[in-house]
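Numbering of the sequence shown is given in the numbering used here, commencing with residue 1 and proceeding in unit increments.
Derived from the structure by calculation, the hints contain no laboratory data.
Each hint should be verified, as a subset may be incorrect.
Unchecked claim - Mimicking DSS-like on lysine-lysine, the simulated pairs with C-alpha atoms at most 30 Å apart in a straight line are:
| # | residue 1 | residue 2 |
| --- | --- | --- |
| 1 | 126 | 79 |
| 2 | 38 | 79 |
| 3 | 126 | 69 |
| 4 | 130 | 79 |
| 5 | 130 | 78 |
| 6 | 127 | 38 |
| 7 | 127 | 3 |
| 8 | 3 | 38 |
| 9 | 126 | 3 |
| 10 | 38 | 126 |
| 11 | 130 | 3 |
| 12 | 3 | 100 |
| 13 | 38 | 78 |
| 14 | 79 | 69 |
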Amino acid sequence: MQKVLRIALVVMTCLVIGYLSGMVTRESITTWYPTLIKPVFNPPNWIFAPVWTSLYIMMGVAGGLVWNKLDGNEALVKKAFLFFIIQLALNALWSLIFFKLHNLLLASIEVVLLLLMIFETYTQFKKIDKIAGLLLIPYLAWVSFATILTISIWYLN
């Protein structure tokens, strides 16, 4: 039961971070964001909420699986979880920089750092739990796309 609770706690934490990030973006989506020039591959706004919800759930499950491996792997799990927490903070920070501060250059730099931190989290997680690593691949792919999108929006504006 404790293992399920750990997973649920990390999933809920990720979803709360996602919800708070969504709160930051909400106003700008209808006011500032439509004024930006976007590349042709920019997805429609409605796609972001279901994609991010799915990604936050997968991140949370991955984090919970790694947390459940604490016994016997304490140093490795703590290191991996530190990367996980840092990438989660960077994830939330991007929304603030892009949608609240409207700083496209800083958001472009920050999303590259986020992508690198996600990759390191993936690398650490797959050493501990193969499924946890696999669960981060869609997140890594989406943020790779988001990196290209963010840099493209900065360049076009």
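Now for the hints, and whether the structure bears them out:
{"no.": "1", "hint": "126 <-> 79", "verdict": "13 Å, holds"}
{"no.": "2", "hint": "38 <-> 79", "verdict": "38 Å, violated"}
{"no.": "3", "hint": "126 <-> 69", "verdict": "12 Å, holds"}
{"no.": "4", "hint": "130 <-> 79", "verdict": "16 Å, holds"}
{"no.": "5", "hint": "130 <-> 78", "verdict": "17 Å, holds"}
{"no.": "6", "hint": "127 <-> 38", "verdict": "38 Å, violated"}
{"no.": "7", "hint": "127 <-> 3", "verdict": "19 Å, holds"}
{"no.": "8", "hint": "3 <-> 38", "verdict": "43 Å, violated"}
{"no.": "9", "hint": "126 <-> 3", "verdict": "18 Å, holds"}
{"no.": "10", "hint": "38 <-> 126", "verdict": "35 Å, violated"}
{"no.": "11", "hint": "130 <-> 3", "verdict": "17 Å, holds"}
{"no.": "12", "hint": "3 <-> 100", "verdict": "37 Å, violated"}
{"no.": "13", "hint": "38 <-> 78", "verdict": "40 Å, violated"}
{"no.": "14", "hint": "79 <-> 69", "verdict": "12 Å, holds"}
Checked against the numbered hints given earlier, the structure breaks hints 2, 6, 8, 10, 12 and 13 and satisfies all the rest.
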